[in-house]
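A.B. asks: Chains as they are written, first to last, in our numbering: chain A, -1 to 101; chain B, 398 to 599.
Among the clues, some could well be false.
Said to hold, decoys possible - Label pairs and their calculated CB-CB ranges: (1) A/17 to B/564: 33 to 41 Å; (2) B/451 to A/14: 19 to 27 Å; (3) A/22 to B/518: 23 to 31 Å.
Hints in this document: simulated from the structure, not taken from any laboratory. Don't be surprised by glycine CBs; every beta carbon is placed ideally from N, CA and C.
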Amino acid sequence: MSAASSSGNVIKKYLPVYFVLLAIFFVEVFLSFQHFATGSLVIILLLLAVCSATLGLLYFMHLAEERRNLLLTLIPVTIFVLLMMNMFWSDSVRLLHMRPGAQ
Amino acid sequence: MSETDVAVHGHGALMEESPYAIPSRKLTMWLFIISDAVTFGAFLFAYGYIRVSAASWERPFESSSVINVIIMTVVLITSSLTMLGAVDASKVGDKAKAMRFLYSTAALGALFAALHLREWFELFGRNITLSSGLFGQTFFTITGLHLLHVISGVIAILVVGSKYSSGSLTPGHVESTGLYWHFVDLVWMFVVPLVYLTNIVH
Chain A
-1 MSAASSSGNV
9 IKKYLPVYFV
19 LLAIFFVEVF
29 LSFQHFATGS
39 LVIILLLLAV
49 CSATLGLLYF
59 MHLAEERRNL
69 LLTLIPVTIF
79 VLLMMNMFWS
89 DSVRLLHMRP
99 GAQ
Chain B
398 MSETDVAVHG
408 HGALMEESPY
418 AIPSRKLTMW
428 LFIISDAVTF
438 GAFLFAYGYI
448 RVSAASWERP
458 FESSSVINVI
468 IMTVVLITSS
478 LTMLGAVDAS
488 KVGDKAKAMR
498 FLYSTAALGA
508 LFAALHLREW
518 FELFGRNITL
528 SSGLFGQTFF
538 TITGLHLLHV
548 ISGVIAILVV
558 GSKYSSGSLT
568 PGHVESTGLY
578 WHFVDLVWMF
588 VVPLVYLTNI
598 VH
């Protein structure tokens, strides 16, 4: 395979991922004009963003082609840390409203 | 094997195969990306909690801002595609093509930054600033941090590109820069829905 044809192929190879990312983004824009409650809209948009990020990680950042060990080392730990952040962020909202912990 | 043996024979016999089978430079970039993802995660979670719990919240984005953010997003996702081309061309040794793709990526990144600044100045004109309330504080902090990453990425692409072109850096360096650039794109996929799309005027 020549050098020139190879770099042309990689664009063609990832073009479907590119269009799916754009499609997800346009769905997000469409949904943002619908009259959802703020909390519901945030959750729906976050789920779509997670789908986009997964595609970006697996294909644009080639995590799908790397050894499974790399994915298993990096991603679960990151998700765990991000989820654990919710422990003290939710507490900060409680303090904002001056509600005692027991309530 | 004793310490003496190690000193005489080196570490070669003791070294196992890397569990990840990637160069240390790439692994280091991955670790940086993960730590940066957690930083952005902290900002976005904080924003999310404030946004949902605030009794009143400014919604400053009209259709012109939405069109601007659509163009910005298309530009940034397209720049990820050109970066894929640059990494691939550098791997097969086509320097000219890799440089064309790298300069295209840097140009798209600069265009994104310019559009971003245009959005900022438009908000400044409406007295929405870093000190004008919760929306301004969170919006300019999160988008400012992302813009800083974009500008750093553009500079990194230009520096790595010129050094790769002169032969002092390898395709591995281009690949690591590419990983960083894709990460910047990936963060934007969270910033847009949370910071822009939940604040559109209905």
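A.B. asks: Quick check: which numbered hints come out false for this structure?
C.D. replies: Going through the list in order, the structure violates hint 2 alone and respects the others.
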